[in-house]
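Each chain, letter by letter, is given below.
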Amino acid sequence: MRTPLVIRFLALHGRRGWIAIGLLLTLALVVVPVLNLVVPPESSFHIPTYTVTLIGRFICLAIVALAIDLIWGYTGVLSLGQGAFFALGGYVMGMHLTRASLAEGQLPNFMAYMGLTEYPWFWFGFESFWYTVLMILLVPGVLAFVFGFLAFRSRVRGVYFAIITQALTFALMLLFFRGETGLGGDTGLTGFQNLLGFDVRDAGTRMALYSASVIALALSYLLCRFVVTSKLGRVLIAVRDAETRLRFTGYDPLTYKLFVWTLSAVLCGIAGALYVPQTGVINPSEMAPAQSIEMVVWVALGGRGTLIGPLIGSGAVNVMKSWVTQNYPDLWLFFLGAIFVLVPLLMPRGIVGLFDRVKRRKAA
Amino acid sequence: MIRVFRLLVLLALVWPTLAAASVAEDTQTAAAGLASSNWREVAAALETLAELADPAVLPALQALQNRRLSFDEDGRLYIANAADDTYRDALSGEPVTVAEDALTAVPLNNPVRRILRPVIAQLQIFAEDDKQRLSAAEELAQRPNPAMRETINRALEQEGNAEIERLLNIALATLDLDSESAERRLEAVKLVGSVRASRMKPRLQGLLAQDSDGHYLEPDQRVRDAAETAIAAIESRERTAAFVSDLVFGLSMGSVLLLAALGLAIIFGLMGVINMAHGELLMIGAYTTFLVQTLFATFMPQFFGLYLLAALPIAFLVTGAVGIAMERGVIRFLYNRPLETLLTTFGISLILMQGIRMVFGAQNVRVSSPEWFSGSVQIMQGVSLSTSRVGVIVFAALVVALVWFLMYRTRLGLEVRAVMQNRKMAASLGVASNRVDMWTFGAGAGVAGLGGVALSQIVNVGPELGQGFIVDSFMVVVLGGVGNIFGTVFSALGLGVASKFLEPATGAVLAKIILFVGIILFIQWRPQGLFALKGRSAAD
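In order, the protein sequences belong to chains S and W. Under our numbering, the first residue of the first sequence carries the number 1, and numbering increases by one thereafter. Under our numbering, the first residue of the second sequence carries the number 1, and numbering increases by one thereafter.
Same shape as in the complex, but just chain S (with noise of 0.2 Å):
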C-alpha cells in the first residue's frame, strides 16, 4: 500500500524538526531582509548587503554539500569533480546574464577580441531566462548522465571514480581556460548588470537572490531528506555498504546510483547558478581540482551521513575561511590542511558524530 505523498513529505521530520526549519526560514527569510532593507544603516543591527551577500553565497556551496553528502555519505561514491558542475551550472548563469546585460547585437569584448562577429553556436538562446533555467538542469545533467552511465556499468567504483572525476574536472578546466573556446578564457565571465530587468548589484535585487538561495536550499534539503527517507534511500546505503551483496539480490546497483549521481551534479548546478550573480565572475578555477576536493571536505568536517552534518561543515569551512583568508593569509592552508588530516584521524563521523558521542555518553 502507498503512502500519500502529502503524509510521506510531513513525515519527512518530526514536529520539532519542522518547528526548526520554519525558524531557521523565518530567521534567513523574515530576519535578516529587515534588518537589511528595513532597519536603518547607522543601527548596530543592521546586516550590510555585503554580508548578506556573503551568507548568500554560502548557501550555495551548502548545497553542493548536500549534494554530496547525497552520493558520498550515503551512497559511498566519492566523487573529486563535484566543482565540474557547480561550475557548469555557473556558466550557464552567466552566459546568461552576459548577453542580458548587453545590448542586442553587441558581443562581449572577448569575442570582439576573438574577431567573432556573432555568438557561437552554443550561447544560441541564452538570451532567454527560461531556456536558461532549464539549460542549468541540463548541463549538469546529462554530462553527469552520461559520465555516470560509462562509469558505473563497467564498475569503476572507489578511488578510481574518484579519480577519474577528478580528471574530468581537471580536463573541463584546461578545456575552459582556452579562450579559443569562446567562454572568456581565465578571466571567465563577468560584468554583469542585468537579470530579468534588474540590476544584481543592487541591495534589491541582491536580498532577492540571497531569498532564492536560501529557498533552494530548503527545497534541496527536504529533497534529499525525501530521498534518503525512502526505500531508495535504503538502496543507497546498501549500495554504499554492500554493493556486491547487494547486486547478488537481484538489485541493479547501475540505476540507483545514476539517478543519485545525476541528482547530485543538477543539485549543484543550481547552486553554481545562484552563486554566481552574487559574486559576479564565474572563471575555470573553480574546475580546480582543489576545489572540489575542498568541497569534500565541508562533508566529512560535517558528518557524512547525516544531511545536517554538511550544513554545519560548509558553514563552518567557509565562515572559518574568510576570516583567516582576510587576517592571516598565510595560515588558511594550513588550516585546511590540518581539518583534511585530522578529522579523518579524530572525528572520522564528522562534529554531528561528536555531538552524538557526547548525547550517548549522557545517556548512558
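Do not take every clue at face value.
Said to hold, decoys possible - Pairwise CB distance ranges (calculated): (1) W:Glu228 x S:Leu102: 56 to 64 Å; (2) W:Trp372 x S:Phe124: 56 to 64 Å; (3) W:Gly329 x S:Gly115: 49 to 57 Å; (4) S:Phe124 x W:Glu228: 22 to 30 Å; (5) W:Ile514 x S:Ile7: 30 to 38 Å; (6) S:Val281 x W:Ile514: 24 to 32 Å; (7) S:Gly105 x W:Gln363: 40 to 48 Å; (8) W:Ala44 x S:Gly115: 54 to 62 Å; (9) W:Gln363 x S:Phe124: 41 to 49 Å; (10) S:Tyr328 x W:Ile514: 36 to 44 Å; (11) W:Gln363 x S:Leu102: 54 to 62 Å; (12) S:Arg178 x W:Gln210: 41 to 49 Å.
Derived by calculation from the structure, the hints in this document are not laboratory data. The model shown is predicted, which means the values in this text are computed figures rather than measured ones. For each residue, glycine too, the CB sits at the ideal point set by N, CA and C.
Position chain W against the provided structure of chain S, taking the given hints into account.
Only chain W this time, still in chain S's reference frame:
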C-alpha cells in the same frame, strides 16, 4: 687520450708559425696586394690568394675578418694581437714593434667579406681540428666558388669525417648545377638527392620551374626527372626527421611523466593508497636539488657541475624520510579506509605546499643546469634536441631499472610483493607487513624525489610544481594498470608520444583534453588498465 689531445692542440697552435717561416714567393706577392686602402684591390688580392690556396695566409685573413689586419707605408702586413696592443707580422707570425699611428687598417666591407669567407673556409678545410673543418665545409656548402673546385676535390680525398664529406659534396654539386654540360648537371642533381640535403630543395625546385612561355628553365628532361626524384628523396628524409624528432620529444615528455608517476605507481599500485601529496614529494625533490645547488655554489664552486649527481641520493633520502614520516604519522591509521586516506594526504599536500611557500617564498627558485647537461644533442641529420630532454629519457630508464631491482632482486621487494598479493598470508609466514608498508611508502616517496630532481631541470621550480603533475600522474597509473610497474612505463611513454603527435593538429591543451577523455573512456572498457593483473590479487 688527454695527452694526445694536448699534443694536437700544441700542433695546431704551432703549425701556422712553422708554415709561415717558409712562405712561398707568389703567396707573398699576392698577399702584398692586401696592403691597400682600396677595397677593390683587396678583393682582387683575395681572388689571387684563393687560387693559390696557401694556408700560410690563413692567420692574416682571419685577422682581416676580425678587423685586426693593418699595413704600413712599406706594404708590410701586421696583425694586432687580441690580448694586448702588440703586433706581429702577418705572414711570419713573429712579434714586431710598430707605432700604431703608422698603420692603416685593411678595409673590410660586405663585398670583401663575401669573398673573404669562402677563402678562409677553403684554407681551413685542411685544418686538424674537426670543428674548424666542419665550419669551413659548412661555409663552402653555403657559398661555393667555382675557383675552389680543385681544393674541394683535394679535401674530399683526404677527408674522413662523413658529415664534412657530405657538405663538401653538396658544395661540388651546387657548383655543377650551374654547369653547361647536361651530364654534369644530372650527376649533381643525383648527388644532391643521394645526400638528401634539405637546403638544396629550393635549387632543385628551381630546375622544375617554367618561364612565362611555359618552357622549362632546365632544358634537359633527364635532369628534370632526376630533380623530381631527388626532391622526393629529400622530402621523405624530412618527413623521417620530423617523425624521429617528434618521437624522441614525445618519449622525453613521456619520461617526464614516468618519473612523476613512478613513485605513485609504487604507493598506489602496491599499497592501494591514494597519495594526493605525491606532487608535493616531487616538489620537495626539486627544492632539495635547489638547496644542493646552492650549497655547491657557495662552498665548492669548482665542483658545481657535479651538484646534480649529488642531489640524486640526497633527494631520495629527504623525500623518502618525508614519506616515511607521513606513513608512520598518519596513513597507517587509515589503511582500510582508502577514501579518507585520499583526503588526509590532500591535507598533507596543502600543508607541505604552504610550508615550502613560507620558507622559500611564493616565487619560483632558480635551478640552473650544469654545463654538461645544457646544450643539445644531434640524434640524426637534421634532428637535434636539448641535452636535458634526451637526458631525462636516460634517467627515467635508470630509475625504472632501480625500481625493478628493488622490487624483483631484493628481500624488501619480495616481501612487498608478498604483502601485496595476500597481506594475511604474508603476515602468517613471518613478513612484518607493518614494516613493509613503511619501507614501501618510503621507497615510493624516494623515487618521487628522484623524479623531482629531474623535473627541476625541465620545469620551473615553485611551490605549485607538484599540483601540475598530480592529475597526469594518476592518469598514467590508472591507464597502466595498478600494481604493475611496466604498465606504468608503457602508459607514460605512450601518453607522451601520443600527445606529441596530436599536438600539431590540436594544440597542446586540446591534445591533453583529448587524451584525458580517451583515458576516461578507456577505463570504461578496461577498468583494470592496460596491463591488468590476473588471478586472485586482481580481486578487490
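Checklist entry - For this structure, which hints from the list above don't hold up? => result 4, 5, 11
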